[in-house]
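As you go down the protein sequences, you meet chains E and L in turn.
Note that the UniProt record's numbering numbers the first sequence so that position 101 is 101, with each residue one more than the last.
Note that the UniProt record's numbering numbers the second sequence so that position 68 is 68, with each residue one more than the last.
Don't take every hint at face value.
Residues from chain E shown here face chain L by an in silico Cβ test under 7 angstroms; the list is partial [claimed, not checked]:
| no. | residue |
| --- | --- |
| 1 | Ser54 |
| 2 | Pro87 |
| 3 | Gln91 |
| 4 | Phe95 |
| 5 | Phe96 |
| 6 | Ala122 |
| 7 | Pro123 |
Quick caveat, the hints were computed from the structure, so don't treat them as lab data.
Glycine included, each C-beta is placed from N, C-alpha and C at the ideal position.
Number of protein chains: 2
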Amino acid sequence: MPASPPPSPIELALAEARAAAARGEVPVGAVVTAPDGSVLGQAGNRVEADRDPSAHAEILALRQAARRRDSPRLPDCTLTVTLEPCPMCAQAASFFRVKRVCFGAYDPKGGGVEHGARIFAAPSCHHAPEVIGGLREAECGALLRDFFGLLRRN
Amino acid sequence: MPASPPPSPIELALAEARAAAARGEVPVGAVVTAPDGSVLGQAGNRVEADRDPSAHAEILALRQAARRRDSPRLPDCTLTVTLEPCPMCAQAASFFRVKRVCFGAYDPKGGGVEHGARIFAAPSCHHAPEVIGGLREAECGALLRDFFGLLRRN
Numbered sequence: 001m002p003a004s005p006p007p008s009p010i011e012l013a014l015a016e017a018r019a020a021a022a023r024g025e026v027p028v029g030a031v032v033t034a035p036d037g038s039v040l041g042q043a044g045n046r047v048e049a050d051r052d053p054s055a056h057a058e059i060l061a062l063r064q065a066a067r068r069r070d071s072p073r074l075p076d077c078t079l080t081v082t083l084e085p086c087p088m089c090a091q092a093a094s095f096f097r098v099k100r101v102c103f104g105a106y107d108p109k110g111g112g113v114e115h116g117a118r119i120f121a122a123p124s125c126h127h128a129p130e131v132i133g134g135l136r137e138a139e140c141g142a143l144l145r146d147f148f149g150l151l152r153r154n
Numbered sequence: 001m002p003a004s005p006p007p008s009p010i011e012l013a014l015a016e017a018r019a020a021a022a023r024g025e026v027p028v029g030a031v032v033t034a035p036d037g038s039v040l041g042q043a044g045n046r047v048e049a050d051r052d053p054s055a056h057a058e059i060l061a062l063r064q065a066a067r068r069r070d071s072p073r074l075p076d077c078t079l080t081v082t083l084e085p086c087p088m089c090a091q092a093a094s095f096f097r098v099k100r101v102c103f104g105a106y107d108p109k110g111g112g113v114e115h116g117a118r119i120f121a122a123p124s125c126h127h128a129p130e131v132i133g134g135l136r137e138a139e140c141g142a143l144l145r146d147f148f149g150l151l152r153r154n
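Starting from the given sequences, assemble the full structure and let the hints guide the process.
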């Protein structure tokens, strides 16, 4: 029987998002990968657990990757996240100098890449990663809708 | 002899900035204060020390204050910082729900409050703190100019 292929970065990010939801966090997950696909950092939101509004999945995964690499810059790496990053995380991705940002669901309300502050297009941005949006969009969005739907019913 | 008044938040932030410069960090310092003036968090940049581009003075001071208060929201607090916050830190200040952001030097190149992404004015911003810029502007700016001047001469 052939071995099943390893999970893709967006599948790993989705797993982190599901684990975050199970902890009562807004279900967003993020993964940082090297060019060979190896995972350097992966995290789900920890805003509630850490009582820290800056503990978004992206920032946690980027920090992990930088520690793993022992370098504050990750110029060959990809950040993959289930939701369009907010302005804070988009600017962090720029500061960590990632090559590429891939995300799942678009976030017209709080996103800062394709919406709102459009961080990578702002004159205050000195490194704009390549952006790919809409990966497994339906699945990533459903996870958030289910979570907020549940909250409203409670 | 009358006791000298306690240092103001911007004086404390300047002291943190000078201490950061002495460690080889970009000299930016930040302080979070409660309405009675008590200090809940204070920090200088730790980007180099921690090899973490997200370790800006503002984020570190906000996290400290939230831990001190055991609350992720700081709705009665003021963040005072020697330099106009970047988009990452401005968005973080919004997420921590601070009442007011006071800063020293304006940063036309990297700032995200009065320049660039203008985070608090973006539709992705759901809590816009009051903003007071230009506190001890000359002193805060000179600290940065001296630091970068020294770097260029080395």
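Okay, the hints, checked on the actual structure:
Because the beta carbon of Ser54/E sits about 5 angstroms from the nearest beta carbon in chain L, less than 7 angstroms, this interface hint is met. The restraint placing Pro87/E at the interface with chain L holds, with a minimum CB-CB distance near 4 angstroms, inside the 7 angstroms limit. At about 4 angstroms, the closest approach between the beta carbon of Gln91/E and any beta carbon in chain L falls short of 7 angstroms, and the interface hint on this residue holds. For Phe95/E, the interface hint holds, the least distance from its beta-carbon to any beta-carbon of chain L being 4 angstroms, beneath 7 angstroms.
Because the closest C-beta pair between Phe96/E and chain L is about 5 angstroms apart, less than 7 angstroms, the hint holds. Given the 7 angstroms rule on beta carbons, the hint for Ala122/E holds: about 4 angstroms separates it from the nearest Cβ of chain L. For the restraint placing Pro123/E at the interface with chain L, the shortest Cβ-Cβ distance is roughly 5 angstroms, inside the 7 angstroms limit, so the hint holds.
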